[in-house]
Every structure is written in structure tokens, then in C-alpha cells.
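Spelled out, the chains give:
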Amino acid sequence: MKLSLSLPSLLPRRKAENPAARRAVHRLGAPEVHPRELDPMLIWSAVSLLMIGLVMVYSSSIATAEGLKYTGHQSTYYLVRHGVFLMIGAIIGAVAFQLPMRVWQQLSPHLFVGGVVLLILVVIPGIGREVNGASRWLPVGPLNFQPSEAMKLFAALYAADYTVRKLPHMASFKRAFLPMLGVVLLVGFLLLKEPDFGAFVVITAIAFGILFLGGINVRVFALLAVVALIGFMLLIWLSPYRRDRIFGFMDPFQDAFGKGYQLSHALIAFGRGEWFGVGLGASVEKLFYLPEAHTDFILAIIAEELGLVGVLVVIALFAMLVHRAFAIGRQAIDLEKFFAGLVAQGIGLWIGVQSFINMGVNMGLLPTKGLTLPLMSFGGSGIVANCLALAILLRIDWENRQIMRGGGA
Amino acid sequence: MKKRSVTFNHNPLLAKGLPVWRPRVVLLALLFGSFALVARAAYLQGVNDEFLQAKGESRYARVIEIPATRGKITDRHGTVLAASTPVKSIWAIPGDAKPTPAEVRKLAGLLDMDVRDLNHRLARDSDFVYLKRQVPPEVAEQVANMKLAGVHDQREYRRYYPGAEVMSHLLGFTGVDDHGQEGVELAYDSQLNGKPGSRRVIKDRRGQIVEDVESIRTPQEGKDIALSIDAKIQYLAYTALQNAMETYRAKAGSVVVLDSRTGEVLAMVNAPTYNPNNRESLSGAQLRNRAVTDTFEPGSVLKPIIAAMALESGKFRFDTVIDTGNGRMALANSTISDTKPHGRLTVAEVIQKSSNVGVVRMAMTFKPEEMWQVYDDLGLGSSLQLGFPGEASGRLRPASTWRPIEQATMAYGYGVSSSLMQLARTYLAFARDGDLIPVTLTRSEVPQLTGRRVFSAQTVRETRAMMEMVTQEGGTAIHGRVPGYRVAGKTGTSHKLEGAKYTSKYIASFVGLAPVSDPRLVVAVMIDEPAGKQYYGGQVAGPIFSNVMAGALRALSVPPDAPITPMQVARSKEELAARGRM
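Those protein sequences? They're chains P and B, same order as listed. Position 193 (the first sequence) corresponds to 193 in UniProt numbering; numbering is contiguous. Position 286 (the second sequence) corresponds to 286 in UniProt numbering; numbering is contiguous.
Please keep in mind that the hints were generated in silico from the structure rather than gathered at the bench. It cannot be assumed that every hint is accurate.
Which bits of chain P does chain B cover? Going by a derived footprint, with three or more residues having C-beta under 8 Å, they are [stated by the list, open to error]:
(1) 211-225
(2) 271-279
(3) 285-294
(4) 302-313
(5) 317-330
(6) 357-368
This one's a predicted model, so the numbers in the text were calculated from it and none came from an experiment. Each residue gets a CB set at the ideal place from its N, CA and C atoms; glycine is no exception.
All chains should be modelled from the sequences, with the hints used to inform the complete structure.
Written as C-alpha cells, this is what we have:
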């Protein structure tokens, strides 16, 4: 509907313009274009996702916020908070952008150790804050901080630094692989203690992904992949909590009011959206049916309100973002900025893997696990961590451009 | 950009360590993932969407009922006697409702409920609980303004009865579900009740309607019903009966007014009564519509029937003399007695003085079957088919079981029972030209020209003349007179039967018609257990009859047919004497 309405208004304007004149303007303007300081594709995809996220957080939370006593029946409760988090993320990102990658490399082991300490604090009863049986938050004044979100970035920084340090030994199982395995197992242990299985999967993917990109022996990596697969299988089979989630995902309508409740409602939201959606704000699933509509299941609401078109736009934006991250990383590596390059690709991997898992969960392709959609879902720690990662990506890109323009970095 | 990148200064070791293909593999894997997501989304939203939407419908699409407005009940002139006004019912989903104690107190205050009762309801283990039904719209709005989660309202109708106590037995009332439970409300429920419509809507999980999908059936409003009742006469009868109840400290009473041309019931009141708008403390005694549900032995009220039979048979004329002797008559092993000895009486005087012996002498000239036939023709022992709940048919045993003494007592109204409405109807035969028509509660425009003939017109005219004497000097009901109109009637004073024994409790009754020259109305009065010294039908029921009849005749603008008093004074003594002898 929206498309058909907007098309006629666009068409006459295009026709009115003289194509020759446009080309001339373009030719004239081209040499005067200021050399770009930042990657426009990256910025546009990221900003689009953040803004769509802001709108959809509001749309998906409005009914819940109005209906809950917890929010004081304010319909803008989540919108206001999400906006504030975005601003905090922008400020922290602006500060982070000022730090050279050299400094980030020096900081990375410390940040990682700091992250591990926070993860330990979170699982200590009395310090960590428990919500719905999971102790994932640290109370900081009026806010709750989720260390596992920061840990994803720290893991990318640390794994990149680690890989750069171990580059000469990448073929060695003992020297390159085992220490990282140990570190991941430690972090994994802490995350499963919370429990935060989703963060564990993402951090494992980031750490070993960077190791893979860093050139670790393929046979070792294949072995790791098999071991990891068996490990995950075991973890899933050993915990009834996780096992239930798996079964819910296989056929949500079999136990639609029990284990399959959330997923079945997510799928219904997709089905209701059809091609162009029921219209922004018109979702029924967000009216108390679909739990976590504004966090983990925001894509389902996008699917319902904006249709397949909306979902494809989101997927395309993520693909563009991840592609740019890898391109920036590749460029840095080509410029022999190995740490920066691996960090950029690690961030790309993080955003890519987490968004893929989240969307896969929303669509019933993957078992339900508590993972937000990066840049879009409601959640302060996640949004700030995402903004920080974007700032670092932009910094890497900026440094690349400085080198290419002959400047030193 | 990649092409521009410089590779010649790469450390060979490092270049080997960061191969170009690996990020491509990773990107490819992620791209593959994107394709999987796109394919899955397309499947969910473009292929499997109907199945998913059906699943969704089953969860939040609901068919809701749209209540139809119940029809109005009006009297014969269109005065509203019962109407439905919109109200709201407050209900809750206990699982969703988590009000604070302060909110509970406020809600309880608004709903006029006990806080503990409210908490108890909110704690119930169910998905739906009524907090309070039928609250005024203003209150419901105040509750809605509290914006309590899990507390909702639904539109309903409440029946309001402007006539209150005056019409209560006649109209009955509806239950909370808007279905008739008593009286006309029940009798005509299927007509008054509309057919509720239904719509398919989408509700959110808390039960609020968020989208109107389609209308399945539009509601059919209930039909209005115009009763035969005349509100003015009904009110008149009510007031007269209430006054009498106080004066005679009676247990109960009823008055029925019939239009003899059409068989329409113009008024029907009972005491004790109740206010249908406030039914909190109702007893069974108040609820009974005695005029149709309660039967009693009518006593002497039946005597004119025997007299009419006697005239009709040709065995007696109105001036045939019957010797009632000392007022005692032996029959089988029993004695039939009069209140006092009357000696020799004409048939007319037997009716005027209400002599049991005289009536029995006439009755015993008939076979039981003949008497039964007339009683049956007059509708005794069979239901009136008014459609009223609990309508009594009375008792008239088959003639083959009558022993002579029973036939005798039945002649003066014992051993047979009927409701007041049935009695009033038998008198329609006397008010008309000997034919009987059915009584009706709904307005009928057309006069009933012919009914079932029971007596000849001549017989009826003579019987009416005898019954007119009842209200004249020497009759049993001089209090039943109506100024300006000639009135005919008959009193009844019967002992109440309790168990198998007659007690010294009485039922006083009077059934009469007016104007005698061209009868228009039949009024029947019954007073149950007058507690004072007066208990005779003429003394107790007569004045009520007179009151109601006078008012009703005036209300209907029936022209007076009696010579007014000064003219009576001017009449010759002979004429008066002649009339007196009749």
C-alpha cells in the first residue's frame, strides 16, 4: 500500500529532471567531492538499523509499557530509555573514536581481564541481579549493566591481539590454539553459570572466528569445530532448561501454550505480516501475546507490521554492515594493520553471527536462546556495546584512510 | 580499493598467516545464512501465512455477542410499563488484575461492595469473574477511568419498571441474563427477547477488543408488546386493594377487571406485592400472582350459574317460589344450612339472600352430568391458557364421581375450586348474552362478537336482574353499589379448607358486572383471611368492587344507566315496592 502510494509522487519528479543536466552536475561536482573521512555505506546501514530499531522498540513496547504497573503505565517508557541509551552510546562512541587502535591494542588484555572480573561478579549471589532465573546484570546506580554484552567486544579485541601476538605460531596446536581454548572455556563456564548460553555461543564464535581468520591450522580448526559441536550438543542434552527450548523450536504448535508459546506467536506474527505488513503500529502480537516483543523478538514485530519487505530490508542492512566491516578489516590487513583488521572482522563476525542467530530464532530456524538483535533490540548494555563497536570500526576505517592518503597512524 | 592495496612490503610469514580466502569463506557462510533467513521469511510470510494466520485467529479472534434490546411492554394506551436501559457489568481476569490495596478499596467503594468480597473474587482461580453486574453507566465509566489491568466491563441491559409495585405480578421481571422469569416477561419471553447478533473481533491477551473484523449476524431487536391492561384502571385497582388490605388486615387479596366486549384483562393486581426494581428481599408470598396461580373454593359466587341453569331448563322462573324452611336441609347424612332462616323465597331472592338451601333445591333437579357440563362450559377446571407461569386450572371432578352431597355443595361453590381470573371469566357469560369468550392479556382492537354459547340471552338478562338485587336493599352486598350505574354481582364467603377440614378462616369475594343495561366490565375481588370482625364477601369485597368499578367505568367514559338519586325519590312507592320484591 505504502509503496503504491509513494511511487506516483516520485515518478513525475524524476521525469521533470533533465538527465543531461543531472549528468553534467554530477561530472562537475565529482572532482570537488571532499575525500571521505568515513565509510558512508557503513554509517548509513548502521544508522538505518539504529533508527528502525528505535521506531520498532517504541511500536512493539507501547502496549506493554502502557499496561504494566512496573513502567507506571507510560507508553513512552521504553522509547525514552532506548533513546537515552542511544545517546549514551553516541557519546561513548565519540570518545572511543578518538582512541587510536594502538591504544586499543594495548588496552585489550586489560579490558578482557576486566570483563572476566565483571562476569565473576555477576554470578556471585547478592551482587548480580537476577531476572527470570538468570543472573546477568550488575546494578549500577539506577541502571543495570550486562557484562556479557561488553564481553563480546572485549573478546573481539582480545582475540585479535592474541592472534597478532601468536601469528608466527599459528600452525601450532599447542601454542596457538590451546591457550585460547582455555580462555574461552573459562569465559564459557562463567557465562553458563549466569546462564547466558546465547552470549557464550557468540563469544565462542568471535574468538575462534578471529583465530580462524588469523590463519590457524585448518585441521586444528576442523577438529575444534567437531569438538565444539559435540560440546554444545552435550550442554544442550545435559540441561533440561536448554533441552526444552530445543524441543519448543522443532514444532512450536505441538505445545503451543507451553514451551512453544513464544515461538508460535513469533511465527504467527510473521504469517500475519505477509508481504507488506499490517502497517506500523497495527501489530496484534505485541498486545501482550508475544513475550519479549521489544527485545529478543523485535524482528517478529517488524515482520508483522512491515511485512516481508521490512524483514528483507533489515537483513540487507545487516548484510551491508557486515560486508563493510569485513572490507574495512581486509583493507587494514592489506595495510599491515593486523590487529585493527582482525578487530574489524571480529566485530563484523559478532554482528553477523548474533543477528543471524537472533533472526533465525525469530523465524524458528534455530532454538530459542536469549540473544538480542544487535543495534535494534531494546537493552542499554547491548546498544552501548554496539555503538562502541561501530565507533571502533569507524576508527579503523579512518586510520586506513589516513594511511592511504599518506598520513601516519 | 583492494586492488589499490600494496602487497610487496608484506612480511611473507605474515602474509601466509592471514590468507585472503578465509574472510571470504566466513563472509560466504554469513551470506548463506542471510539467504536461509530470506528463504525462511519468504516461506513464513508468503507461503505458510494462511496456516499461521489461522493459528493466530484461533488465539485472538473471538466471536462476541451483541445483545439485542428487549422489547418494551406497554399498556393498551402505549404507556411504558417495562423498558430496558443500558447498564454495564464489571468483570475481571483474576490472573491479570493486580490492584493495590488502595485501588481495591476505591473499586469496592465505586461498586458498593465489601472489600473482602472483592478481594475474594479477584483471588479466584479462573479466567473470568464478574465483580458486579448491572452497574449504572456512570459508575462503569469511573471504573474504566481507574485503568486497572485485568478489569473490564461489558454492555448489558437492565429492565426498569416504572409501575413498580402496581404492575409487578402482571409483568413479572427478568433475570440478569435479560430473560423473563415471571409474569408477562416470562409468558411473552420469546417475543420480547430479540435475537442477539454476533461479530468477530480481535482481542488482545487482556480481553480488550482491538479490531473489529466482521459482522456475522446483526442483532434482531425484541418486539414491543401492548398489553390489554389499562394503567389507570390497574392503578385504581391497586390502590383500592391496598387500602382494603390495611382496613381488613387481610393476608392476601386480588382484583381482576375484564372488558366484557373483548375479553381483555384491563387490570390484575395482587397483594402482597413487591417492587420489581429492587428485588433484594423477596418472599414467595409476595411473588405470587394469586389472581391466576392460586385457586380457592369460590362459594356462593357460583350460585347465579345454578339459577341460570334453572331458568334455562324451564323448570323454574325467576319468581318461582322455593321453600327454604328454617334454613336447614338434610341430605344423605349431612345438613345444608343457611346463615339464617329465610322461609319461602323466589328464585331471585335465593340469589339476593344467597340461600344455600334454595340453590341446592334447584341444583338437585339436575343430573350431575348436566351440572358438570355447564361448569365445564364456563371454563371451571380447565386452564385459561393465558400463558402465565404457574397458571392454575382449578379443580372440577368428573361428574361420575359426584355423590349427591357433593353435587349439592358444588352448587354453592364448595368441592370445586378456581382462580379469581377463572371466576371473573365465568361472569363474562352473564355480562355478554350468555356466550363465553376467552380472556386475553394483549390488546385486541376488535370486539369478540360471538363466543361459545352457554345460556340463552333471555336467561342471562333474567339472571342479571337477580344479581342486580344483590346490591340493592335486602341484598348481601349493598356496599357493592356504584353511584350512577346499575350493578349486578354476587358475593361469596367461603371457609378455607386446610388439610381435609374447613376452618373458621374465610375468603371473601365479590364478582360483578356493570352497567346492567349494557354490560361493559366484569370486576372480581378476592380477599384472603380478613382478620377483622367483618369477613363476609359483601362487607369486605363489596366496597372494593364498588370503588374499582366506579373508577373504571368513569375512566372508560361509560354512560351512567341508573336513574340518579333525586329521580329515585320522585318515583312512586308502588314502583319501588315492585322493584323491592324482585
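Hints and how they fare:
1. 211-225: holds (count 4)
2. 271-279: holds (count 5)
3. 285-294: Coverage by chain B holds here, the residue count being 4 at a Cβ distance below 8 Å.
4. 302-313: Per the Cβ count (5), the hint holds.
5. 317-330: Since 8 is at least three, the answer is holds.
6. 357-368: holds (count 5)
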